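There are 2 protein chains.
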Amino acid sequence: MIKVSILTIGDKVRIGQITNTNAAWLSEKITRLGAFISNHITIGDDFDLMVKIITEQIQQNDIVITTGGLGPTHDDITKPVLLKIFDDHLVFDNSTFENIKELFEKQNRTISERNKLQAYVPSKAKILPNKVGTAPGLLFELPHKAIFSLPGVPSEMKYITENSILSYISKLIITRKEDVILYKTINVAGIFESNLADLIGPPDEFLGDASSLAFLPSYKGIRLRIGTKQPDFESAKKELDRISEIIYLKAGNFIWGEGDEDLSFEIGRLLKEKKLTLSVAESCTGGLLGGEITKISGSSEYFMGGIISYSNEIKINHLSVNKSTIEQYGAVSYETASEMAKNIKNLFNTDIGISITGIAGPTGGTPEKPVGTVYIGIAYRDEIEIKKYILGIDRNINRERAVGASLLLLYNTLKNYF
Amino acid sequence: MIKVSILTIGDKVRIGQITNTNAAWLSEKITRLGAFISNHITIGDDFDLMVKIITEQIQQNDIVITTGGLGPTHDDITKPVLLKIFDDHLVFDNSTFENIKELFEKQNRTISERNKLQAYVPSKAKILPNKVGTAPGLLFELPHKAIFSLPGVPSEMKYITENSILSYISKLIITRKEDVILYKTINVAGIFESNLADLIGPPDEFLGDASSLAFLPSYKGIRLRIGTKQPDFESAKKELDRISEIIYLKAGNFIWGEGDEDLSFEIGRLLKEKKLTLSVAESCTGGLLGGEITKISGSSEYFMGGIISYSNEIKINHLSVNKSTIEQYGAVSYETASEMAKNIKNLFNTDIGISITGIAGPTGGTPEKPVGTVYIGIAYRDEIEIKKYILGIDRNINRERAVGASLLLLYNTLKNYF
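Residue numbers (numbering that gives the first Met the number 0), protein chains in the order written: chain A, 0 to 417; chain B, 0 to 417.
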């Protein structure tokens with residue numbers, strides 16, 4: 000097994016001013032190659048501690064990847080730390096300087112002395128080009144060890160990883176003939192976790208000793224994660240295929256995709272395949288459902304648009320909800336959700352219309368309609384289906400869950416009625 | 000200084016299937032009390048490694064907080080690990096069982112044997128009630144040390160932290176008379192980083208030895224983070240106030256708030272104060288701007304709604320953009336953005352209308368209008384202002400940046416013209 004430690008450097012992350020998305024992204028990509036992530040460690044901009052932790056992790060792992068601390072300010076001390084660890088000194092690197100010049104020219108900016116400093120790199124490091132920023136990645140090689148140092152800006156970290164690191168690790172796994180750990184995720188929707196477990200039956204009956212199956216439920220559905228450890232990449236893939244075939248046989252009706260795909264992607268695929276168009280009428284989600292659907296490149300083929308009818312006036316005047324419906328049943332009701340879905344479908348002339356109206360909270364709840372009450376409607380042909388949910392108490396989690404639930408309803412409708 | 004280590008337990012986080020938001024949230028809350036976060040460490044569900052790392056971190060810190068691994072499945076091994084470390088055994092806790100029963104009754108579910116197991120807790124631990132889930136928090140106290148163990152579900156982790164942990168740490172800092180490290184963040188918008196640095200001048204002139212100032216730029220503006228280490232909470236707060244007063248004197252015109260507030264919150268405050276209403280017309284962002292604005296509880300006071308005009312037909316038929324405008328200038332143009340903003344304002348009868356139209360990518364770019372080209376418009380009274388941006392190449396970052404830019408434009412308009 001190739002063991003990899005992910006070190007995140009920076010006070011911003013340490014004190015919680017930003018969430019560490021780099022570690023998750025790197026882990027996901029590297030796990031996919033069959034390497035084993037031993038840990039993620041986040042520490043602040045502290046010279047001695049950085050020397051200590053990086054040195055320790057080099058000893059305990061095959062690969063160490065640091066992100067952060069390569070920028071041009073005085074807080075950025077990853078380079079001095081690496082010079083200390085590897086007993087090295089800086090040299091001017093012309094190709095890095097040319098890259099910095101090019102980037103600045105593109106943006107019509109002049110290079111400051113401080114930016115020039117970024118072209119000085121440790122003499123023992125291989126330079127990993129960074130076409131999207133000024134700090135290149137660095138690679139130090141020791142016998143059986145590799146230490147990668149990357150800038151913390153996610154787009155730059157991703158660029159260098161995709162262009163220089165992933166292939167390096169793949170090659171390492173192959174040449175060293177190391178055991179490989181692989182995972183595969185199968186995405187399931189439209190079924191409760193306990194029913195899915197019954198469908199699949201005792202996993203021990205089809206898992207070998209070297210494999211595992213985990214259920215990861217969320218409000219967007221359930222993900223089944225198969226894991227296996229095998230002597231090489233090919234046998235690991237074969238074992239994953241063997242197990243996933245069994246799961247498809249048992250639960251295929253509820254499987255909509257694999258990997259880290261979003262349900263909105265699969266919905267887009269179905270809409271395109273079936274040549275259907277979609278519109279939305281959103282109240283408490285304020286546009287989030289439209290935002291989620293249009294995350295997918297190419298969504299303009301099937302998503303026409305929507306009306307964010309946050310106020311009752313907009314519901315009445317622009318979405319043609321009957322004033323009396325709102326007066327009699329309330330804006331958060333079966334009846335309003337129903338008119339919203341039907342009307343957006345007709346107004347925007349689409350095959351399917353979806354509506355969301357609810358009480359996101361924290362205020363606005365009543366004993367009959369507590370915070371978290373959400374009605375979701377779907378209109379297609381002459382059908383209307385409405386689902387009522389009682390979600391939680393947190394405003395923004397409720398809004399996300401409402402989006403998740405509406406995608407599930409849309410997905411199930413596409414599968415069952417089109 | 001009270002030193003705190005944050006340990007995240009679980010393969011899901013280790014292999015990057017989910018991002019570690021718990022560590023950021025905990026760090027932010029605890030840093031605010033004046034304690035020092037030494038590190039975040041993420042490891043998988045590995046018994047021996049968990050014993051090793053938790054033991055090490057107890058030695059090196061005053062407080063260790065673990066999240067994850069307290070659930071009812073066989074992957075959840077934090078309790079056995081703690082039993083091993085503290086040489087303890089499980090006992091049945093009736094108050095925990097009552098809580099589980101109550102939760103299940105509320106949801107009309109019957110308690111399984113597996114769920115009952117969650118009422119067994121280590122005999123040496125204090126139980127930290129969890130009203131929003133079945134696994135209680137655990138507190139082990141050693142001389143001068145405290146080890147908190149929390150479930151990994153964010154809402155449960157937050158509930159227990161807010162109700163049991165934060166006050167514990169505050170008291171500890173006071174009774175031990177430890178040095179306190181505090182931070183204060185000042186949010187700035189509408190000015191370039193370099194110009195802001197010029198306005199503020201050399202920080203050394205007003206920072207003491209024990210204080211620091213960091214610039215944290217993002218596409219939503221710049222955050223200035225002041226940090227200070229002082230003998231107690233009161234002197235730390237005083238020092239932060241002294242420094243922030245200087246910053247307000249120098250850059251007050253561009254400061255819109257403090258802390259982790261969102262610009263959408265401050266915009267909401269201004270709209271309410273000035274009794275103004277708002278509507279949006281979104282194309283490439285597909286509803287994300289409306290989603291961002293309605294994140295704020297109480298936004299229904301000023302946000303009426305919007306039209307997601309993703310397709311040209313919707314722009315023409317429902318947002319009354321002239322067909323000839325789109326034919327002549329394109330859907331992504333100064334002219335279309337202008338009509339969108341003006342028309343949504345008039346149609347929805349609001350004081351302000353905002354429009355976004357752009358090429359989010361990855362496809363759809365041309366030499367004249369590359370991917371990342373976005374026009375943002377704002378209409379108010381008889382004025383229309385349009386800004387053109389060339390953002391990056393990543394679809395979803397472009398969409399977020401467009402939302403950020405439109406909030407900045409709205410904020411500056413509210414400050415300067417109302």
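Rather than coming from a laboratory, the hints here were simulated on the basis of the structure.
Be careful, since some hints might not be right.
Since copy identity is lost for identical chains, a pair holds within one copy or between any two.
Capping the alpha-carbon separation at 25 angstroms, the derived lysine-lysine pairs in DSS-like fashion look like this [what the hints assert, rightly or not]:
| no. | residue 1 | residue 2 |
| --- | --- | --- |
| 1 | Lys2 | Lys386 |
| 2 | Lys2 | Lys51 |
| 3 | Lys144 | Lys51 |
| 4 | Lys274 | Lys130 |
| 5 | Lys273 | Lys386 |
| 6 | Lys183 | Lys273 |
| 7 | Lys100 | Lys130 |
| 8 | Lys130 | Lys368 |
| 9 | Lys115 | Lys105 |
| 10 | Lys157 | Lys125 |
| 11 | Lys125 | Lys236 |
| 12 | Lys414 | Lys294 |
This one's a predicted model, so the numbers in the text were calculated from it and none came from an experiment.
Evaluated hints:
1. Lys2 with Lys386: neither (47 angstroms within a copy, 49 angstroms between copies)
2. Lys2 with Lys51: Both: 19 angstroms inside a chain and 18 angstroms across chains, each within 25 angstroms.
3. Lys144 with Lys51: both (17 angstroms within a copy, 23 angstroms between copies)
4. Lys274 with Lys130: neither (39 angstroms within a copy, 47 angstroms between copies)
5. Lys273 with Lys386: within (24 angstroms within a copy, 39 angstroms between copies)
6. Lys183 with Lys273: neither (28 angstroms within a copy, 54 angstroms between copies)
7. Lys100 with Lys130: within (11 angstroms within a copy, 57 angstroms between copies)
8. Lys130 with Lys368: Cα proximity of Lys130 and Lys368: across copies only (21 angstroms, versus 54 angstroms in one copy).
9. Lys115 with Lys105: within (16 angstroms within a copy, 63 angstroms between copies)
10. Lys157 with Lys125: Within one copy only: 18 angstroms inside, 44 angstroms across.
11. Lys125 with Lys236: neither (32 angstroms within a copy, 46 angstroms between copies)
12. Lys414 with Lys294: within (21 angstroms within a copy, 32 angstroms between copies)
The structure fails hints 1, 4, 6, 11 (numbered hints given earlier, in ascending order).
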